[in-house]
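Chemist: Next come the chains, spelled out residue by residue.
There are 6 protein chains.
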Amino acid sequence: MNLIHSDKIINAIKELSQYDLLKGLCHEQQESLPMPSSVALEEIITLCRAVIFPGYFGNASITKHNLSYHIGVNVERLHHLLSAQIQAGLYFSRQQGYAPAPCINPEPLTSQKVAEIKEKGQALSADFIASLPAIREQLATDVEATFLGDPAACSFEEVIYCYPGLRAISNYRIAHRLLELGVPMIPRMITEMAHSETGIDIHPGATIGDYFAIDHGTGVVIGATAVIGKHVKLYQGVTLGARSFPLDETGHPIKGIPRHPILEDNVIIYSNATILGRITIGKGATIGGNIWVTEDVAPESRILQSKARK
Amino acid sequence: MNLIHSDKIINAIKELSQYDLLKGLCHEQQESLPMPSSVALEEIITLCRAVIFPGYFGNASITKHNLSYHIGVNVERLHHLLSAQIQAGLYFSRQQGYAPAPCINPEPLTSQKVAEIKEKGQALSADFIASLPAIREQLATDVEATFLGDPAACSFEEVIYCYPGLRAISNYRIAHRLLELGVPMIPRMITEMAHSETGIDIHPGATIGDYFAIDHGTGVVIGATAVIGKHVKLYQGVTLGARSFPLDETGHPIKGIPRHPILEDNVIIYSNATILGRITIGKGATIGGNIWVTEDVAPESRILQSKARK
Amino acid sequence: MNLIHSDKIINAIKELSQYDLLKGLCHEQQESLPMPSSVALEEIITLCRAVIFPGYFGNASITKHNLSYHIGVNVERLHHLLSAQIQAGLYFSRQQGYAPAPCINPEPLTSQKVAEIKEKGQALSADFIASLPAIREQLATDVEATFLGDPAACSFEEVIYCYPGLRAISNYRIAHRLLELGVPMIPRMITEMAHSETGIDIHPGATIGDYFAIDHGTGVVIGATAVIGKHVKLYQGVTLGARSFPLDETGHPIKGIPRHPILEDNVIIYSNATILGRITIGKGATIGGNIWVTEDVAPESRILQSKARK
Amino acid sequence: MNLIHSDKIINAIKELSQYDLLKGLCHEQQESLPMPSSVALEEIITLCRAVIFPGYFGNASITKHNLSYHIGVNVERLHHLLSAQIQAGLYFSRQQGYAPAPCINPEPLTSQKVAEIKEKGQALSADFIASLPAIREQLATDVEATFLGDPAACSFEEVIYCYPGLRAISNYRIAHRLLELGVPMIPRMITEMAHSETGIDIHPGATIGDYFAIDHGTGVVIGATAVIGKHVKLYQGVTLGARSFPLDETGHPIKGIPRHPILEDNVIIYSNATILGRITIGKGATIGGNIWVTEDVAPESRILQSKARK
Amino acid sequence: MNLIHSDKIINAIKELSQYDLLKGLCHEQQESLPMPSSVALEEIITLCRAVIFPGYFGNASITKHNLSYHIGVNVERLHHLLSAQIQAGLYFSRQQGYAPAPCINPEPLTSQKVAEIKEKGQALSADFIASLPAIREQLATDVEATFLGDPAACSFEEVIYCYPGLRAISNYRIAHRLLELGVPMIPRMITEMAHSETGIDIHPGATIGDYFAIDHGTGVVIGATAVIGKHVKLYQGVTLGARSFPLDETGHPIKGIPRHPILEDNVIIYSNATILGRITIGKGATIGGNIWVTEDVAPESRILQSKARK
Amino acid sequence: MNLIHSDKIINAIKELSQYDLLKGLCHEQQESLPMPSSVALEEIITLCRAVIFPGYFGNASITKHNLSYHIGVNVERLHHLLSAQIQAGLYFSRQQGYAPAPCINPEPLTSQKVAEIKEKGQALSADFIASLPAIREQLATDVEATFLGDPAACSFEEVIYCYPGLRAISNYRIAHRLLELGVPMIPRMITEMAHSETGIDIHPGATIGDYFAIDHGTGVVIGATAVIGKHVKLYQGVTLGARSFPLDETGHPIKGIPRHPILEDNVIIYSNATILGRITIGKGATIGGNIWVTEDVAPESRILQSKARK
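Residue numbers (numbering that gives the first Met the number 0), protein chains in the order written: chain C, 0 to 309; chain F, 0 to 309; chain Y, 0 to 309; chain L, 0 to 309; chain P, 0 to 309; chain D, 0 to 309.
Just chain C, with the same shape it has in the complex (with noise of 0.2 Å):
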């Protein structure tokens, strides 16, 4: 390598390599604990699936005989990645808070602390699973609404193995159940991998009823906040926003406070409508798409974007 050059790069080593300068870019995590790691959340998505869905995801050809041998390897595995996930988010999370984290965590855990993330991590997994069942339920009739509503479905199979709306569903019904839970950093990861793959933004905090259904998707955001009732469906490019949120007297904005939409049952929303602040679209509206709604909607009403110009 040309010298020049060689002094060039040797010089950029140095510069990167200043430990002070690293404040709130750099993560130091603790030799013993796991990284959070989407390798290991896509293969607990995948196992989730597989749990869930049976004979569609995974290599498996499922029968009455064995179905029990795969669901119970499925599932101690989920358990096994998901402990190590979940502690790996309870770690990762430790120092949240506005104040940017200095690279270097001042006080390394006690080993006792570590063990108790380790059983936390353990119980919270074990208490997940204990929730599939449920979760399974719900997503049977998001698979059939998603099937009724869509006159291109040819049937339950194809809605389960290729639709990108049941796949962030899916992934969203997970993380919720993460969340509630107390699990810090990874719901939002498991939704971040549905946005990367469907375009479909589902936040973990979202509150989402039974038959809910998303045709297409790509730009659909669901804000922390929202609160969706049952047999709602959204189109494409659908935005649930937050309007603006008050801030503190730092002047950081304010978490947790309801700043989304709330869709009451048998909304429809079309493509790429724009629904802002903790307004209330009431029972039964339609919403017709490219329209900004800032106000609420009543029950049963309809409303459309004005006229074009010429």
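Treat each hint with caution, since some may be false.
The list makes no distinction among identical chains, and a pair is therefore deemed to hold if it is satisfied within one copy or across any two copies.
In silico DSS-like links for lysine-lysine, alpha-carbon gap of 25 Å or less [claimed, not checked]:
#1 7 with 309
#2 7 with 119
#3 254 with 7
#4 7 with 229
#5 254 with 22
#6 229 with 282
#7 309 with 229
#8 7 with 63
#9 282 with 119
#10 117 with 63
#11 22 with 309
#12 112 with 63
#13 309 with 282
#14 117 with 306
#15 22 with 306
#16 119 with 309
#17 63 with 13
#18 63 with 254
#19 13 with 112
#20 119 with 22
#21 112 with 282
#22 309 with 63
Since the hints were made in silico from the structure, they are not lab data.
Please read these numbers as outputs of a predicted model, since none were measured by experiment.
The hints should help you fit chains F, Y, L, P and D onto chain C, whose structure is shown.
Modeler: Just chains F, Y, L, P and D now, with coordinates in the frame of chain C:
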């Protein structure tokens, strides 16, 4: 593992393994038949690209002397994989209809029926391969339209190698041909792969003419019965959707009714416009962005969103 | 294989192998030069991230003692891969121009020209690496803006690890620097990688100031000549596009003309708004969602879509 | 590439592609049948080990509660892979005989014959699986003999996990059972895999009693018609071979004639001894190393190499 | 699947899952502890080689400037992997003794004991790493001896990169140091890896001086209590073994008694010679090939096999 | 990590990074040149096998119609990989000689010299490929000899697919041709690969006639200057070695002197025999196992080990 956790998990396994409760959520593949496989389909698409655009995809350094070796090996591998995937699609889609398929397929396939499916898979794959020269010819028009329509494009090579619009159109043209041949399931999986990669969701049933271009493309949706002429250009976020769909007496959507727009030649549609229903956008019309169109638009006309308010 | 199938396939291979019909669809790489490779580019981006945000990406457990080892090894591997990819881009883009390149490159590179490309690739890679400290500094402002702008964000760590907006901005800042250095093809491939992962399409040619934040982001498009100030925030689906572009006397778009918007400091644009043409959105202006803007907007003003109809 | 090189290569391709000159060197597999695959066979052996010695091989953490899940899933996967490999062996070995098989198989299999081979493969695989409990029982005696025969062995666990002798004996016992069932080709491939890993070459046709131990083992050869009693121990480099073999009138070796030694119970043979021909080493005899034995050895006797010269 | 086959398989699964019959054949690892892993050990050996012989193994291009980065990253990764493997070995070997371990470990490890094992694993790994400079120095003498002893060797580089003898000696020197530190199980696995690759089986307990060379090497066996001086050279097939070993009153071999040969400095032993028992081969002696030696050999003497007969 | 451990490791890294102490143990590859790579060589050998024995190795189903495609693609890939590996060998072996090479190569290659090495690598690879038809012809004789010499062999197919002897001979014939062409380093690596897989160590310099067979093979060693006629058969453990070798005035072995045996046509040597020195085993002689031969053996004679003692 802690005993309480262990009990929770053992119970969950039992509940999740109750075969009789799995109606519609379980898929039972007959052992000697392949499953539709997204891994195989990705290789199929890569092989199609390598055959259509020699030298861009795959590892080979193409020359006049070795072109036929590479085409030969790639086409043969394509036939091997595609035959199996078509068979998988044929089997997977046997139980179509509105009633959710029971998990266990009541009548296992006879070995004669299996043999027929195998033969049909091979025949359809060969027919598809016979169409590849025509597909290449049509994609050449799309490359040219994309290049000419984007001042930021530097060369045909950049368009072929980098442009998500062309990638989505390639998958669509392949999937559309397979659908024309009567292949179930697989065409939809192929367009969903492009949907996930590019955010562009073109139903394989749509009919699209030569010189088609999509710029940027994220959020584009083109429905199953849409008809698009020649020299049409769409920007990101454009929906060509259905406004509503009639239900049959059992409350299920009636399939196969034309319900998406017709775009005549030389139409341009700007970003995030939503065009719904079996309407016609006349030859040479320009549709501005962010508007909601549910009525015919005259040829050569130009419509825009109504003025903003301040 | 059935004989009729076999004949169809053999004929298709023959047709597809006709070298003389391949104008513009075939790429012939000179054997001793690398191809642009998305696999290599993904490793390059991962290495950049590992160097910029130590401890988040890659397997390493970073400490004060080992920071310089890891930076050293990663920067060196980055230089190795990036030099080769820049060479690939330089070669790939030799034949630019409107006329579709014939498949065979008429004049093969001399070995002196090859040596020059190699030397240039190494020099540009070293220059890029010398810019990494500045890129890190600017990305630190983006992390802070993203964190402060989202009440749902729990820590800097979550922003760095999970937020697609930051991921797209990182790829853009890397690609923009490479474009400034004169590297062809590769910058576009890097922003397209982020486009595919996040649905955010930022052209590497755009100019973007510090403290830039994109929330959710799916469907965002930022054109090649857009100019964005400091403390700007965009929501999902926002387009900063061109309205139209002048053609030269041969009917081809004229390249390099400023045709995208200018956003001054502190502008906020809500979801799915489309801003087209070389207009200026004044300092501190707020643009509501779902609107179509093709004229200048005054500083500190606020515009919204016209009222919906019921 | 230089033109002269190019011509040499093109000529070589032509010469090497002359189909008619390929007699006996080319294998033409009927497309719908699998090839014997060393990758599949390695997974088969790993699955057998995981079933026979639970908790040692494979990733699982075995407990009383999950043992049956793991056995179930592993046995099922074993059946899936083994059925296919047995079919491959049955097809591969159709053309046996002295005359070198012509490259093209003159009569392609009818689909009925293919179905028969499939059925036979499944039946033989199930028969093999039914033998696994007995194989496990016999291998338990080999583990014990190996442990007791080596002062350096610390535990049963070390023997099962690390000892090449046990690994070779495991492969042999699996392969021998398959050969007894009439499976062609595959048994030999399984013992060759152990041969490559351990340097121990046991023909699957040999008959070997309980409590068999091989120490170190590199270079051991046990021929196809060898018969070995119980509690026999061999050291590295021992050959149990054929002295010569009668030819038939066409000059080909006559197959199936007993031509390898018989070792009665409790025989010990030291390193590098060569025992040739259908001789009997009597019960309890000890054979010293590096000697050449072609005649019967009486029970309880002890023979050594003649004295060295200085 | 045919019903009869299915029944056979279901029965086999039941039989194989009988937990109480698994004495001594089943291993139950406590979940939070790693298993000894040959994959991890292969990476460990590759890292040791990369540290000892920089530039030969691993991908890096070593220069004066980057040497310390690479050593740093490799040593750190080595410590990470080796600590875990030593822990695995410590746990795995808890139940040693003659009585076959019952499958279920009666007393699960307390979390304090687990913490002790972790701490011990880290301490022993650090001690091993502190020995690497000395190991490198000793291997340098082996490289030189191998080079000088083989007229076919062209350079030190060829010896380091290609010679199986050096590969086996490297694994031995690493394993021997780990055994000296008291690490169980892992040293044996490391020498078995070399045994499988090279056919050379050196027990980690053997004591071997500087300038040791093995030529070709297949079939070499060096027992656990062998003692080898400096400048010794062995050819392929040489055994340094035990003649017999005393049993204790329960009929088990007594462990730890010196039972293998002592080779003084400058001894050469030709191919396939077998040297058994605690005898001494005096300084400078030469032992011809294919002989069986069970008595002391005087210094500087030379012994050969007795004459062949014709 | 504990502080004391950490200090030990930091110190070890410092010691191991002392560049000036690395004489002869460090390899510094010039960046733009490839390293010899066992991964690449394994693919090279697989490609050679796929070309020589079409249909056995690689995934393809060979037919009359596709044979030339597969040969073409495989030969081209072979040329691509082999050119690079020959270049690697040419560079790697520049510093040959007795004096240990200093770690830093004092004179870096000029770019002209690099270009020469590249050109030479391509030329030698093309020459090798031109020899493949002749290599195939000779290997066909080896297949026949192996088949006829083993009553346990069922078909040519079994010999080609499973026999380690044929595998070792294939690697030898490939490596020998490369050595004849003047390629350094790579031939030895190719025969060492077979040595590791099969335990058969044939030096690429040996000269071996048609119809060569090795049965079982573990432990066979054939030295660099050995000369073997036609129709020769060796059993496992046979050494054709050097008895001693003259040193030059500096104490280094003199290279290139004939020092290994000559075996005339139709010789058979049984297991574990050691034949040393430049002696001649006459036409048709038979050498019994386990003997040590250092003098000429007359044609058609037969020699055996002296009688055992009891």
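Chemist: Each hint needs a verdict: does it hold in this structure or not?
Modeler: Do the hints match the structure? See the list:
no. : hint         : verdict
1   : 7 with 309   : neither (59 Å within a copy, 52 Å between copies)
2   : 7 with 119   : between (48 Å within a copy, 15 Å between copies)
3   : 254 with 7   : neither (45 Å within a copy, 34 Å between copies)
4   : 7 with 229   : neither (61 Å within a copy, 29 Å between copies)
5   : 254 with 22  : within (24 Å within a copy, 42 Å between copies)
6   : 229 with 282 : within (10 Å within a copy, 42 Å between copies)
7   : 309 with 229 : between (39 Å within a copy, 24 Å between copies)
8   : 7 with 63    : between (65 Å within a copy, 16 Å between copies)
9   : 282 with 119 : neither (41 Å within a copy, 49 Å between copies)
10  : 117 with 63  : between (36 Å within a copy, 23 Å between copies)
11  : 22 with 309  : neither (55 Å within a copy, 42 Å between copies)
12  : 112 with 63  : between (45 Å within a copy, 23 Å between copies)
13  : 309 with 282 : between (35 Å within a copy, 16 Å between copies)
14  : 117 with 306 : neither (60 Å within a copy, 55 Å between copies)
15  : 22 with 306  : neither (53 Å within a copy, 47 Å between copies)
16  : 119 with 309 : neither (63 Å within a copy, 52 Å between copies)
17  : 63 with 13   : between (63 Å within a copy, 14 Å between copies)
18  : 63 with 254  : neither (49 Å within a copy, 33 Å between copies)
19  : 13 with 112  : neither (36 Å within a copy, 34 Å between copies)
20  : 119 with 22  : neither (30 Å within a copy, 34 Å between copies)
21  : 112 with 282 : neither (49 Å within a copy, 50 Å between copies)
22  : 309 with 63  : neither (63 Å within a copy, 54 Å between copies)
Of the numbered hints listed earlier, those contradicted by the structure are 1, 3, 4, 9, 11, 14, 15, 16, 18, 19, 20, 21 and 22.
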